[in-house]
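K.L.:
For this one, chain E is given, so just place chain B on it according to the hints.
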Amino acid sequence: MTTTIAPPAPPASAKNSRQSGDGNSPPSPPTLRGVTPRVGATLWKVVRVIARIVISLALVLVFAGPFYWMVLTAFQTASEALSIPPQFWVDSLRWDNFVAAFDRVNFGHFALNSAIVTGGTLLGQFLIIVPAAYAFARFQFKGRDVLFGVVLATMMIPGQLIFLPVFAMYAKMGLLNTHLSLILPFIASGFGIFLLRQTFMRVPDSLIEAARLDHASEFTIIRRIMLPLAKPTIVTIGLITFIGTWNNYFFPLVWTTTDAVRTLPVAIPRLEALDEIAPTIVMAGNMLLVVPILIVFLLARRHIISAFTYTGVK
Amino acid sequence: MSQIELRNVGKSYGDKEIIPSLDLTIEAGSFSVLVGPSGCGKSTTLRMIAGLEKPTTGTISIGGQTVDDVAPGRRGVAMVFQNYAIYPTMTVEENIEFGLRNNKVPKLERRELVHEIAETVGLTPHLRKNPDALSGGERQRVALARAMVKKPAVFLMDEPLSNLDAKLRQHMRIELIELHERLGATFVYVTHDQVEAMSMGTSIVLMDSGRIQQQSAPTELYAKPQNVFTSRFIGTPPMNVVPIDAFGADVAADAPAGAEWLGVRPERLTFADASRPAVPGETELTVTIIALENLGAELVYRAAMPDGSRIAIKRFDEIARPLGDTLVRVETNDIHWFDANEERIAEPAISGQVREVVTA
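Quick mapping for you: the protein sequence lines, in order, are chains E and B.
With the working numbering as the guide, the letters of the first sequence map in order to residues 35 to 348.
With the working numbering as the guide, the letters of the second sequence map in order to residues -19 to 340.
Chain E on its own, in the form it takes in the complex:
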């Protein structure tokens, strides 16, 4: 019923407003109907903008707040850090917390271990993931899909479940307290193989075929065509691995028995244990731990975005 009545109304008003221009009929005042939605729309728009700002601010506070607190504390004196009400700024940049952090634990030793383990994992992963992903993406062979399923399944095994058997294995193999023990389990990343395989699969077949006709070896195809095209994905995988390895606390702790190969995340909490009222030094240590990640992230940011928006080749 209503549908038969409602539609004719708008054309009538539209006609009115148009006629008002040519002077044949007296200009009709804007009807209530014509005005209210416009005001309502404007109001709604304002509300939406305000809501967006409020939500954004809240998110910034949640994510950046703790980070700011860390930076702030790292530059404060102990009394400033513990003052009530809390102090939200510093008067001058003081570096002595960082020096203290360096002095209190053998910082250089752990940092070097971190670098070796992270670098080794990155390199190992690259060497394993690229050929594996290429094979899964480009070759037909018996058991390929089953094998790929196994690779995917490894992502679902929680490390906490197998750390003890692995530890026992290391003990038998004489790998305890070696850098290798912290690198080996992580170089065959199921996630990395999966992500890179997807990228490789999106490369048009004709590119590979053209390369074959140009007498290119598989290695040349990977090096000159696949890897440059997959750069964003590789950078992304590298970054994820970097962050994961650099920040890894659990495995360097449980798979080692001495400080010989332990990494920074294991060392930083000791700053706390040495002196119960030194949050400033702990935060300075944390900052030293986080800064490399920030730098790498800033360098790789452009690629990460394109890795997830990559649409293939024209």
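Hints may contain errors.
What the hints assert, rightly or not - Result set (DSSO-like, lysine-lysine): computed pairs, CA atoms no more than 30 Å apart in a straight line:
(1) B:Lys147 <-> B:Lys109
(2) B:Lys34 <-> B:Lys(-4)
(3) B:Lys(-4) <-> E:Lys265
(4) B:Lys147 <-> E:Lys265
(5) B:Lys(-4) <-> E:Lys176
(6) B:Lys131 <-> B:Lys34
What the hints assert, rightly or not - Label pairs and their computed distance ranges (CB to CB):
(7) E:Phe253 <-> B:Asp112: 24 to 30 Å
(8) B:Asp112 <-> E:Leu127: 44 to 50 Å
(9) B:Asp112 <-> E:Phe101: 35 to 41 Å
(10) E:Val96 <-> B:Lys147: 56 to 62 Å
(11) B:Asp173 <-> E:Pro262: 45 to 51 Å
(12) E:Ile87 <-> B:Asp173: 55 to 61 Å
(13) B:Lys131 <-> E:Phe253: 23 to 29 Å
(14) E:Pro192 <-> B:Ser(-8): 54 to 60 Å
(15) B:Lys147 <-> E:Phe253: 28 to 34 Å
(16) B:Asp173 <-> E:Pro192: 56 to 62 Å
(17) B:Ala320 <-> E:Phe253: 55 to 61 Å
Unchecked claim - Sample of chain E residues with no beta-carbon within 10 Å of chain B, all distances over it, derived:
(18) Thr76
(19) Leu247
(20) Ile259
Everything labelled a hint here was simulated from the structure, so no lab data went into it.
Using N, Cα and C, we set each Cβ at its ideal position, and we do this for glycine too.
P.N.:
For chain B alone, kept in the frame of chain E given last:
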């Protein structure tokens, strides 16, 4: 100079048979066009010659050498892909150079060859550019240059012009013909476009459902289609193929033994002219014109015959005829006869000519 030979070549993907068994000889130095509707196996055939697909059965040889176990890069062939397949990760120069580099051609020689080819195809100002900075036509040239620089004996082209706009396509057609003349290499060209096939090929291989329907020069393909499929594939509008009695008892009486169908090209039908009566060998028939397409230079009439069949009539008259009944004339000499299997029945006049019957 490389002749390509396919013997009993078959290709199946699992249970799906694309090509049952193909025997094909592509003569050295020819511009052979593989043409046919999509899914007819023409691209698969080309890819098997390139070595990108392995034949399920049969053997392929290029220049007298069996290439069944030869890698694509070692067959002495170059291929131009439909989407050009230009390496996006390399500059134009590196693209052209890639094949030479893989073949361990010394650097100086490489440079020289690349510049020579770039000059030929007009890419010199673009050598340092990335492919994505190029237009469609320029990319096409890169793809061509990349093939040419290897100086292959055989050029394989898989619908290389289909991504270009009509004008550029026309232009490139002529360039490719010139290129073929100049290089003297064997060209194998795949297209679904009959105009491209007719205008470029020195030899046309018409395929349908994995079988060769006819292989001959363009003029012969047009003048003597070996079967109904061929007669309808070449020519716009396609040949009128109707039952032999559709043009009346007189025409039917002329039919050779076994004829079931007759075909006549739309451009061979004329409107009866009162000033010139029909001569022996000509038959007149009243048809009803039901539609007209004016294509500028030509007029295409659609007409209904007395037996209900529809035919097309193509004329180059300036003034269009009104719709309705009109008298058309056909010469018996212009009629093609086909038997119950839709195969051509050879004219007795051209006896002695060996006709290879390819069963559809």
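K.L.:
Evaluate each hint against the coordinates.
P.N.:
Hints, one by one, checked against the model:
1. B:Lys147 <-> B:Lys109: holds, 25 Å
2. B:Lys34 <-> B:Lys(-4): holds, 15 Å
3. B:Lys(-4) <-> E:Lys265: violated, 38 Å
4. B:Lys147 <-> E:Lys265: At roughly 38 Å apart (the allowed maximum being 30 Å), E:Lys265 and B:Lys147 break the hint.
5. B:Lys(-4) <-> E:Lys176: With Cα atoms ~21 Å apart, B:Lys(-4) and E:Lys176 stay inside 30 Å; holds.
6. B:Lys131 <-> B:Lys34: At roughly 24 Å apart (the allowed maximum being 30 Å), B:Lys34 and B:Lys131 satisfy the hint.
7. E:Phe253 <-> B:Asp112: 24 to 30 Å: holds, 25 Å
8. B:Asp112 <-> E:Leu127: 44 to 50 Å: Check passed, 46 Å falls within 44 to 50 Å.
9. B:Asp112 <-> E:Phe101: 35 to 41 Å: holds, 39 Å
10. E:Val96 <-> B:Lys147: 56 to 62 Å: holds, 59 Å
11. B:Asp173 <-> E:Pro262: 45 to 51 Å: violated, 35 Å
12. E:Ile87 <-> B:Asp173: 55 to 61 Å: holds, 59 Å
13. B:Lys131 <-> E:Phe253: 23 to 29 Å: holds, 25 Å
14. E:Pro192 <-> B:Ser(-8): 54 to 60 Å: Given about 46 Å between the Cβ atoms, the range is violated.
15. B:Lys147 <-> E:Phe253: 28 to 34 Å: violated, 42 Å
16. B:Asp173 <-> E:Pro192: 56 to 62 Å: This hint holds: roughly 59 Å between Cβ atoms.
17. B:Ala320 <-> E:Phe253: 55 to 61 Å: holds, 59 Å
18. Thr76: holds, 44 Å
19. Leu247: At about 5 Å from chain B, E:Leu247 fails to clear the 10 Å cut-off, so the statement is violated.
20. Ile259: About 6 Å separates E:Ile259 from the closest Cβ of chain B, which leaves it inside 10 Å; violated.
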